[in-house]
Amino acid sequence: MKIHEFQAKELLKGYGIPIQDGVTIEDIGQAEAAVDQVNKELGAEQYVVKAQIHAGGRGKGGGVKFSTTREAALENIQNILGMTLITHQTGPEGREVKKVMVAEALDIKQEFYAAITLDRSKGMDVFMVSSEGGMEIEEVAKESPEKIVKEAIRPGFGLRSFQARNLALALGLEGSAAKQAIGIFQKLYQLYRELDCSIVEINPLIVTDQGNVVALDAKINFDDNALYLHSDVAAMRDLDEEDPSEVEAAKYNLNYIKLDGTVGCMVNGAGLAMATMDVIEQVGGSPANFLDVGGGANVETVKNGFRIILSDPNVKAVLINIFGGIVRCDRIANGIIEAVKVLDLNVPVVVRLAGTNAEVAKELLANSDVSLISADSFADAAQKVVEAARG
Amino acid sequence: MSILVNKDSKIIVQGITGSEGTFHATQCLEYGGNVVGGVTPGKGGQTALEGKVPVFNSCKEAREEVGANVSLIFVPPPFAADAIMEAAAAGIELIVCITEGIPVAQMVEVKAFVDTTGSRFIGPNCPGILTPDEAKVGIMPGFIAKKGTVGLISKSGTLTYEAAHQLGAEGLGQTTCIGIGGDPIIGTTMLDLLKMFEADPDTEAIIMIGEIGGSMEIEAAQYAKENVSKPVIGFIAGQTAPPGRRMGHAGAIVSGADESAAAKKKLMAECGIIVVESPADIGKTVREALNK
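Protein sequences, first through last, are from chains A and B.
Anchor point for the first sequence: position 236 equals 236 in the numbering used here, and the numbering is continuous, going up by one each time.
Anchor point for the second sequence: position 89 equals 89 in the numbering used here, and the numbering is continuous, going up by one each time.
Bound-form chain A, shown alone (with noise of 0.2 Å):
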């Protein structure tokens, strides 16, 4: 699960880590007494102010702009708010920003990066620092790998001071600099793991003219597996932030992910899903989505994620792809022929079962009245759903 900055950066605050404030709206209204807020609660002159959605780029794509005045604050919160914010993680149709924080503007001698994530191949976590603060941490791992230093987190160890102070060595920092930054990676370590991320990121991570270290940007995500052990994170979710089917589809135990083609797909397990998009798209045609019904698939699940694929206007043609294992195939086909009487089918819908009871599940779909284009192989079955989406 992704957080917004403003609420990274109130739980950076909540374990002592110093952050770039501000005060963060939805609504153009509050903008005067936010920048009024800022300006006295902290002090400031100067303003930024920053677009508040899941992706990064922002600055790029404009939606981070340095504000001097209190005027050019408040016309930058007019601009930003509301905007359609277009980065290379909003994906082209970009993200509306509903929510705009106004911080404090701070001098920056330095900038770095810092971050802990989890380590697939070692099997344990790493803790990152870069001098290239304020870059995209892909980028720099490909042109300049060398700059970024790190230290692995043995299980049931933790990050040892040892450890946070090479950290603060490979940067460079010295005397009082390097003692907050000491103290902050220790803190944010321990947000880490009492928090079950699975990334914390600070980026830029800064020294100010004044030598304070202070988180200029912040972002967290969180296992899913663990929210159930953190209700008051769980209640972080913004459902602004995801697509709405996605939000439905996960209402029914489903996992679906919306693209943007015109063949929907319902397919039981993700490495099949998986494969039934990418075979779509080897003989010509396009997948709508990825939608998972999982192992436990009957009649209501197939209902459901129908509805949920046929929400998508783009959708020309419905392949259902299930192999059967504990699933029954005959169980699948009455899910297939209730649902589609029920929902007002208008697109041709292309069915390949195979597995427990597939022989017993075609003759059903064979006697039934639902029209229906059957298919044999997992080839067959593409190659057909494409040429229906043609039309």
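FYI, nobody ran anything at the bench for these hints, they're computed from the structure.
All of these numbers come straight from a predicted model, not from anything done at the bench.
Among the clues, some could well be false.
[What the hints assert, rightly or not] Here are some, though not all, of the chain B residues that point toward chain A, as calculated from beta-carbon distances under 7 Å:
(1) G101
(2) E211
(3) Q239
(4) H249
[Unchecked claim] Calculated lysine-lysine pairs in the BS3-like style (CA-CA distance at most 27 Å, straight line):
(5) A:K60 with A:K142
(6) A:K98 with A:K2
(7) B:K146 with B:K230
(8) A:K122 with B:K111
(9) B:K266 with B:K292
(10) B:K52 with B:K10
(11) B:K111 with A:K187
(12) A:K142 with B:K266
(13) A:K13 with A:K109
(14) A:K122 with B:K52
(15) A:K13 with A:K40
(16) A:K122 with B:K266
(17) A:K142 with B:K292
(18) B:K284 with A:K362
(19) B:K10 with A:K150
(20) B:K147 with B:K292
(21) A:K122 with B:K195
(22) A:K362 with B:K146
Glycine included, each C-beta is placed from N, C-alpha and C at the ideal position.
Knowing the structure of chain A, use the given hints to seat chain B on it.
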């Protein structure tokens, strides 16, 4: 021959009295596997599966009383990490965890813990292991596989069934099928199993079904280049997956350039793996490789 499990494996099921545990333990028993008992703390002394097997309070008891050496875990997520460590501490040689949704931080500790024991751990969030005609330790439907000469390693459940199904259509069967799971932290990697299949005299070809995310397929392919004499057929699911989106499995997410399907397939091909472009061609490709 086979790897990991066979007809002599003495299997216990942790969480045998729960509905999932009861259902699948029954299936494993009906398949012909040697299910010797179950573990549910607090229910020791009772029986399960309609009186067919004893229930123990702990893995240690099960090991001592009936000589269990394989454990299959269906314990719910909040308790699963502990169950895995309990099995490892009791000296169970092979631990297979089916449970989905264990917090990643807990799995990091579990993996470190199991590594200090002599146990081998498969999963979590996986379909388990099937050695055709001998034993099933997991949730794969028994009928999909038949005895043969192909070793099958997969991150995905239903794609394993699909591959076994296609092999069947080509008249081929499997020595052992293993679903390793698609989570970010898993107990046994493709590389580990590749080594075992290479050492197994009855295995003549190996299928590795991977997906986007992580670098496990690459590590296995690089090893295979120098050290595996048998043909290795590889497939990577998710060429159409958009970067940064989690495709069902927690680990199936492209978070770096090297984790995309195209990048992995390219590297695998460079290491001499026979890369299948379309998942519909897995069976056919194995047949061709074996005919060479």
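*asked:* Tell me the hint numbers this structure goes against, listed in increasing order.
replied: 14, 17, 19
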